[in-house]
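S.K.: Sequence:
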Amino acid sequence: MGNPIWKRVSVGVYAGYGAVLTAGPIEIVGVCGDTLYGDLHGAPPPQLFIPYVQQTQVRRLTYQIRTLTKPEAIVPALRRVVHAADPALPLVDVRTHQDQIDSDFADERLLVSLTSAFGLLALVLASVGIYGVMAYSVAQRTRSAGYPVRQVDALWDRAIRSGHAVGAQPCC
Numbered sequence: 001m002g003n004p005i006w007k008r009v010s011v012g013v014y015a016g017y018g019a020v021l022t023a024g025p026i027e028i029v030g031v032c033g034d035t036l037y038g039d040l041h042g043a044p045p046p047q048l049f050i051p052y053v054q055q056t057q058v059r060r061l062t063y064q065i066r067t068l069t070k071p072e073a074i075v076p077a078l079r080r081v082v083h084a085a086d087p088a089l090p091l092v093d094v095r096t097h098q099d100q101i102d103s104d105f106a107d108e109r110l111l112v113s114l115t116s117a118f119g120l121l122a123l124v125l126a127s128v129g130i131y132g133v134m135a136y137s138v139a140q141r142t143r144s145a146g147y148p149v150r151q152v153d154a155l156w157d158r159a160i161r162s163g164h165a166v167g168a169q170p171c172c
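Under this note's numbering, residues 1 to 172 are what the sequence shown spells out, in order.
Careful: at least some of the hints might be erroneous.
[What the hints assert, rightly or not] Pair ranges (Cβ atoms, derived):
| # | residue 1 | residue 2 | range |
| --- | --- | --- | --- |
| 1 | A122 | T67 | 44 to 50 Å |
| 2 | A73 | L125 | 49 to 55 Å |
| 3 | T35 | R8 | 19 to 25 Å |
| 4 | T67 | G2 | 18 to 24 Å |
| 5 | A126 | A73 | 49 to 55 Å |
| 6 | S116 | D157 | 48 to 54 Å |
| 7 | P4 | H41 | 25 to 31 Å |
| 8 | V29 | R66 | 17 to 23 Å |
| 9 | A43 | P71 | 28 to 34 Å |
| 10 | T62 | A126 | 37 to 43 Å |
Don't read these hints as lab results, they were simulated from the structure.
We treat Cβ as the ideally placed atom computed from N, Cα and C, and that holds for glycine.
Generate the whole structure from the sequences, applying the supplied hints.
M.R.: If you want it as structure tokens, here you go:
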């Protein structure tokens, strides 16, 4: 097929709401791989990035900048460069790549947190319920034996003192 760089194509690109971003030929300045954009779970949609100077109407621009310094340190310089290129162009919602990823996964993290909290609550309730059933069962068994716990203790004490309990030694 050949190298598409610097070739021109004519496509009608619409940004939604009937707004035409460009109607004339577009010069291809680069090709990128598939990108998940807006939805991280579906298949990557076909995309077309149009250079700012080739657009007839600008709705949104996204800059991606790689830096070796702290991202917050270069924001003032970026504002100056963008203002020098076009004073009417605002620079808003400046954030790091990690901030963007965190924002995209916020719903999934909330779902995991809520599921974990409800799972822990279910575990606590089940434990309390099992404890209640076991306590009730032990209380019923003690009554059915006919001897309250105090009487059983007294019988053991008498057996130990009299030496009738095999291998039992008085401890006190």
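S.K.: Could you run down the list of hints and mark each one as holding or not?
M.R.: Hint check results:
no., hint, verdict
1, A122 - T67: 44 to 50 Å, "47 Å, holds"
2, A73 - L125: 49 to 55 Å, "51 Å, holds"
3, T35 - R8: 19 to 25 Å, "23 Å, holds"
4, T67 - G2: 18 to 24 Å, "35 Å, violated"
5, A126 - A73: 49 to 55 Å, "52 Å, holds"
6, S116 - D157: 48 to 54 Å, "51 Å, holds"
7, P4 - H41: 25 to 31 Å, "29 Å, holds"
8, V29 - R66: 17 to 23 Å, "18 Å, holds"
9, A43 - P71: 28 to 34 Å, "30 Å, holds"
10, T62 - A126: 37 to 43 Å, "49 Å, violated"
Of the numbered hints listed earlier, those contradicted by the structure are 4, 10.
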